[in-house]
Amino acid sequence: MTCSEARPLLDPSVDGELDLRAALEVELHVAGCADCARALAACQAISVGVRAARPVVVLPAGLEARVRRAVRSEARAAPAAGKAHSPWRRTLLAAAASLFVVSGAFALWMLAGSQADDTVARDAIASHVRSLMADHLTDVPSSDQHTVKPWFEGKLDFAPPVVDLTDADYPLVGGRLDYVGDEPAAAIVYMRRRHPINLFVRRSTGNVDAPVLTRSTRGFAVVEWTSGGTAYCAVSDISADELTAFATLVRDRTASAPQR
Amino acid sequence: MQEQEKLERFELTVLPHFREAYGLARWLTRNEQDAEDVVQEAYLRAFRFFDGVRGIDCRPWLFTIVRNTYYTWRKRSRHDVNVIALDEHVEERADAVSDPDVKLLQSVDTDRLRRCIDLLPAEYREVLLLREFEDLSYKEIATVTGLPLGTVMSRLSRARGRLQACVIACSKEGSNDLQ
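Chains as they are written, first to last, in this note's numbering: chain A, 1 to 260; chain B, 1 to 179.
These are calculated hints, taken from the structure and not from any lab test. Predicted, not measured: the structure shown is a model, and the values here were computed from it. Every residue gets a Cβ at the ideal spot worked out from N, C-alpha and C, and that includes glycine. Careful, some of the hints might be misleading.
Straight-line alpha carbon distances no greater than 25 Å define the calculated DMTMM-like cross-link-like pairs of lysine to aspartate or glutamate that follow [stated by the list, open to error]:
{"id": "1", "chain 1": "B", "residue 1": "Lys6", "chain 2": "A", "residue 2": "Glu64"}
{"id": "2", "chain 1": "B", "residue 1": "Lys103", "chain 2": "A", "residue 2": "Asp35"}
{"id": "3", "chain 1": "B", "residue 1": "Lys75", "chain 2": "B", "residue 2": "Glu32"}
{"id": "4", "chain 1": "B", "residue 1": "Lys139", "chain 2": "A", "residue 2": "Asp19"}
{"id": "5", "chain 1": "B", "residue 1": "Lys139", "chain 2": "A", "residue 2": "Glu17"}
{"id": "6", "chain 1": "B", "residue 1": "Lys139", "chain 2": "A", "residue 2": "Glu27"}
Here are the in silico distance ranges between beta carbons for each label pair [unchecked claim]:
{"id": "7", "chain 1": "B", "residue 1": "Thr110", "chain 2": "A", "residue 2": "Gly32", "range": "32 to 38 Å"}
{"id": "8", "chain 1": "B", "residue 1": "Arg115", "chain 2": "A", "residue 2": "Leu177", "range": "56 to 62 Å"}
{"id": "9", "chain 1": "A", "residue 1": "Asp19", "chain 2": "B", "residue 2": "Thr110", "range": "30 to 36 Å"}
{"id": "10", "chain 1": "A", "residue 1": "Pro141", "chain 2": "B", "residue 2": "Pro16", "range": "27 to 33 Å"}
{"id": "11", "chain 1": "B", "residue 1": "Ser107", "chain 2": "A", "residue 2": "Gly219", "range": "48 to 54 Å"}
Turn these sequences into a full structure, and let the hints steer you where they fit.
Put into structure tokens, the structure is as follows:
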């Protein structure tokens, strides 16, 4: 091992991040090289020093209780706990809900043509949540598109396109057979940081259209589009903007990738 | 009913990490008042997103939320003073370290080191603090920050390199300069 090979490994060796063989090689090199030995000692000294400089956390009095209260009132404000509300609050919630429905309907009317209604989005969210709750994210766990794509053969009457987006930081996690409404769908699962993205792919007779945010609710966003006889629906708890960017990327890649 | 169960589960699994979450917010913001705001907002966000996280290790997940909340907060309140455009390709660490330098680093006093840590660009500082203060592995840091593993490694190495340079420079300028 040369100095230029050893240098980038000094930090990982201090952090215990090297495998046994690499750790031994670094040790061997450092034993015979005074420059690298000093660099390693400096790195160790900094690490030890920073750990010693870690300030003791003094929780401000009452902060934890305050946050706990805030979370509890957030939980009470959630629609599922409606029973506990005072009458005026219920009225207010009902008013807000109807306003939501009206504006939702208006938004859908604006989108008319691309989607008849938002049952697809609602079903897709339900499928997404189910896939996380039941700990059944994938039937075929694989980061390889050439493993995931053939897996769907014989299980669906169409071949869902599976594209690799690792370079854009959306690693592929696998695939799953699922349903959106009554229709069988391929669920292709990607990750964004720790957040799973379910991409539901179905057959469609609809026209080609661009990705559009059809629903953003309860922390979930849904983006839908159609292209080449296939309907796509992406669901995740990442931000609507990020999901739209993801959808645009998938659309561009599926358009350029050769499909059988 | 369902909400009640979610709340109970949340209080059992996420609330016990409160001290650590506050610690991270405190180190990132460098300020108690701001840390309180960030940690409170992070917990509310965490609760909203809690539905989908059954069965995963909740500490890195919570750290991710604290970190993202911090960045959102920083953008909003224009605390971007310490954001230096990072040139990831510039090698920061000095090639040669002398024996007296090593001695100096081994005996550096905590206050001086803390001041040098505070001078680090935020992007370097968070990686260093997640590693040394929170004892996260490279992989966990990559998860929390959403950075590729290679970037985590190079930022950590550069953070230490800068600290080393800062400590050595301070002691050469005389110990009173930074006080």
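Structure versus earlier hints - violations, ascending order: Violated: none.
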